[in-house]
Amino acid sequence: MTTLEGLSHGLTVALQPSVLIYSLFGALLGTLVGVLPGIGAMAAITLLLPITYYISSEAALVMLAAVYYGAQYGGAVASILLRLPGTPQSAVTTLDGYPMAQQGRAGVALFAAMVSSFAGSMLGIVILVALAGWLGRLATSFGAAEYAAMMVMGLVAASTIGEGRPAKSLSMVVLGVLLGCVGTDVNSGVQRFTFGQVQLLDGINLVALAMGLFGLAEVIGNIRKAERDGPPPHVSLRQLVPTRDDLRRMVAPIGRGTLLGGFFGALPGTGSTISSFLGYALERRVARQPERFGNGAIEGIAGPEAANNSAAITAFVPTLTLGIPGDPIMALMLGALVIHGIQPGPMMLEAHPDMFWGLVVSFGIGNLFLLVLNLPLIGLWVSMLRIPFRWLYPAIIVFVCLGVYSVRGSTFDIVMVAGIGAIGYALAVAAFSPALLLLGFVLGPLIETNLRRALLVSRGDLVTFVERPVACGFVIATAALLALPLLKGLRRRNG
Amino acid sequence: MRRDLYDAAWGGVLALLGLAVAGWAASNYDFGSLRRMGPGFFPVVLGLVLAALGALIAVPALARRGTQRHFAWPETVGVVGSLLIFGLLLNRAGLVPTTALTVLTASAVAPRPGIIWRLVLTVAVTALTWVLFIGGLDMPIPAWPRSL
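Going down the list, the sequences are from chains B and Z.
For the first sequence, numbering that gives the first Met the number 0 assigns the number 0 to the initial residue and increments by one for each residue that follows.
For the second sequence, numbering that gives the first Met the number 0 assigns the number 0 to the initial residue and increments by one for each residue that follows.
Quick caveat, the hints were computed from the structure, so don't treat them as lab data.
There's no promise every hint is true.
Label-pair distances were calculated between CB atoms; the ranges are [said to hold, decoys possible]:
1) Val130(Z) <-> Gly163(B): 41 to 47 Å
2) Asp137(Z) <-> Phe194(B): 54 to 60 Å
3) Val130(Z) <-> Gly378(B): 24 to 30 Å
4) Gly135(Z) <-> Val250(B): 45 to 51 Å
5) Ala107(Z) <-> Ile386(B): 15 to 21 Å
6) Val337(B) <-> Pro110(Z): 37 to 43 Å
7) Arg91(Z) <-> Ser7(B): 53 to 59 Å
8) Leu83(Z) <-> Phe194(B): 29 to 35 Å
9) Gly135(Z) <-> Thr183(B): 53 to 59 Å
10) Trp129(Z) <-> Thr448(B): 40 to 46 Å
11) Ser7(B) <-> Gly135(Z): 34 to 40 Å
12) Val130(Z) <-> Ile422(B): 49 to 55 Å
So these bits of chain B aren't anywhere near chain Z, every CB distance computed over 10 Å [to be verified]:
13) Met0
14) Pro87
15) Met121
16) Val197
17) Asp201
18) Ile203
19) Arg243
20) Leu258
21) Ala280
22) Val285
23) Met346
24) Phe368
25) Leu374
26) Gly378
27) Ile413
Chain Z stretches covered by chain B per the calculated footprint, using a threshold of three residues with CB under 8 Å from any CB of chain B [what the hints assert, rightly or not]:
28) 22 to 33
29) 81 to 93
No residue lacks a Cβ here, since even glycine has one placed at the ideal position from N, Cα and C.
Based on the sequences and whatever the hints tell you, model everything.
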């Protein structure tokens with residue numbers, strides 16, 4: 000199928016009324032949770048996961064994806080108006096967005112964020128289509144050794160490139176992989192770590208784990224934090240209009256941000272949060288007057304916002320063509336695909352053209368919808384910021400309970416979410432990343448299966464990971480990623 | 000000097016957990032060989048890795064100053080408690096009383112005191128839940144205790 004045929008095929012899928020409605024619903028819900036500090040895309044997607052059991056696989060994925068990129072739009076609103084990032088990706092937007100709001104240019108800052116997000120997403124779709132076909136063809140030659148090595152590299156990259164101490168990040172990944180071992184072992188049929196509990200035979204429920212680690216832990220941490228004083232400023236439509244100078248300044252940062260985000264989004268392990276931080280750093284470095292940054296430079300909004308939206312789209316490349324999710328949100332997407340019996344991989348484009356092209360086209364429709372609707376609705380989103388968190392979180396808790404219960408009618412799962420939530424919060428307070436735990440949990444069983452298969456083929460010879468050039472490349476990259484923090488630590492000690 | 004107690008404690012917990020996992024897996028599941036990995040292979044190896052990482056986190060943490068971290072105890076107890084109430088009560092008391100009690104418990108740890116707004120919220124969320132899940136989605140949960 001050529002790209003053009005694919006796109007027209009995708010159009011017929013994405014324009015089905017049911018798919019369209021779920022896409023619009025997801026985009027609106029995503030914007031809402033992005034706007035509200037205290038709930039993020041992660042929590043919203045986990046809350047929606049149980050619903051995806053009841054709708055078609057295309058509608059489900061299109062909806063979840065729309066929540067994800069919708070939240071990227073919404074996140075900027077609270078960042079700019081209140082200096083409270085609505086999502087982690089929009090944390091850098093506070094640096095120049097909030098100063099602009101204080102100078103009375105909140106409207107222009109919001110406009111810049113929306114337009115950059117839109118441009119970043121649209122160009123991200125182009126990168127996605129180009130990369131997916133190429134990577135899919137490349138990956139058809141991958142064997143079990145390559146897959147195992149690549150997934151290990153992704154996990155190590157996610158732990159050492161991100162913030163925090165590498166040992167702490169790696170420990171969360173390993174803990175996640177071990178949690179993934181719970182349940183019946185697919186290769187031998189042995190029940191591992193079930194301790195006689197029938198409910199654990201199928202393993203720990205992904206929905207329960209994600210809801211506890213994200214939905215619940217975020218609620219606990221935000222009850223006090225999200226309570227603030229003073230209403231947000233009023234923003235009218237007229238204030239959104241930028242000057243010609245503003246527009247001129249936005250063009251190049253959008254281009255740079257898109258390329259940067261598109262690249263880092265497609266790498267397994269690095270996602271949209273890292274992209275937006277790198278996008279900001281890049282803009283400040285290339286700026287002729289770097290001192291303007293931090294005092295309301297519109298480039299400091301355009302670059303990172305384009306980068307994180309572009310990364311949010313290209314994050315689907317490894318997820319769909321390799322079956323390897325690059326960040327925890329993609330891990331949930333993969334989980335939703337697997338729930339519907341679709342195993343993503345190199346054959347994705349041929350085996351499930353409806354899903355792939357339908358998603359691609361829905362990205363375009365959803366982003367267009369967000370741009371067209373969000374600019375006029377900006378007043379509504381701003382007024383959402385007036386709702387205190389204490390009105391929301393008890394309802395979120397009830398929805399979490401019912402969401403988990405609806406998966407298989409088990410109150411055992413609700414009690415388990417309570418326990419996971421408490422542990423997840425305690426981990427988050429101590430600056431351990433629950434996101435990496437979830438990533439390890441999803442990738443763990445895939446790594447184990449592929450490792451087993453690779454060693455079976457090579458008759459137990461570990462040299463297979465060095466002999467095969469592609470696998471060897473991944474192994475070397477993994478070693479380099481592990482050595483990086485060690486070298487940094489040594490230099491700090493000597494210097 | 001205040002040590003980094005959070006890292007020390009978590010590092011210790013993870014190290015012990017890793018050892019326990021590796022020990023349990025080694026004595027209960029077949030380890031196999033590199034050629035034919037048994038069900039015990041992955042847990043044993045990774046349990047040992049986790050133990051090493053835990054030690055790597057805990058030992059240096061004892062020698063450095065920790066950052067002050069705020070642990071929201073009341074909120075944790077309130078939220079976890081409200082979930083436990085929901086989980087334990089749902090099949091016995093039905094959806095409406097369970098939801099009401101859950102919301103009342105959860106809202107007790109909000110930064111704003113007072114009972115009026117909590118009662119209003121309880122009624123609103125309970126009504127919304129009933130409309131959505133019993134009226135709309137027709138979930139097979141009793142709305143009231145069975146004896147009624």
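Structure-based check of each hint:
| no. | hint | result |
| --- | --- | --- |
| 1 | Val130(Z) <-> Gly163(B): 41 to 47 Å | 43 Å, holds |
| 2 | Asp137(Z) <-> Phe194(B): 54 to 60 Å | 36 Å, violated |
| 3 | Val130(Z) <-> Gly378(B): 24 to 30 Å | 28 Å, holds |
| 4 | Gly135(Z) <-> Val250(B): 45 to 51 Å | 47 Å, holds |
| 5 | Ala107(Z) <-> Ile386(B): 15 to 21 Å | 20 Å, holds |
| 6 | Val337(B) <-> Pro110(Z): 37 to 43 Å | 40 Å, holds |
| 7 | Arg91(Z) <-> Ser7(B): 53 to 59 Å | 55 Å, holds |
| 8 | Leu83(Z) <-> Phe194(B): 29 to 35 Å | 20 Å, violated |
| 9 | Gly135(Z) <-> Thr183(B): 53 to 59 Å | 36 Å, violated |
| 10 | Trp129(Z) <-> Thr448(B): 40 to 46 Å | 44 Å, holds |
| 11 | Ser7(B) <-> Gly135(Z): 34 to 40 Å | 36 Å, holds |
| 12 | Val130(Z) <-> Ile422(B): 49 to 55 Å | 34 Å, violated |
| 13 | Met0 | 38 Å, holds |
| 14 | Pro87 | 19 Å, holds |
| 15 | Met121 | 35 Å, holds |
| 16 | Val197 | 17 Å, holds |
| 17 | Asp201 | 16 Å, holds |
| 18 | Ile203 | 14 Å, holds |
| 19 | Arg243 | 46 Å, holds |
| 20 | Leu258 | 36 Å, holds |
| 21 | Ala280 | 24 Å, holds |
| 22 | Val285 | 34 Å, holds |
| 23 | Met346 | 26 Å, holds |
| 24 | Phe368 | 25 Å, holds |
| 25 | Leu374 | 30 Å, holds |
| 26 | Gly378 | 24 Å, holds |
| 27 | Ile413 | 3 Å, violated |
| 28 | 22 to 33 | holds (count 6) |
| 29 | 81 to 93 | holds (count 8) |
Hints 2, 8, 9, 12 and 27, counting from the list given before, are not met by this structure.
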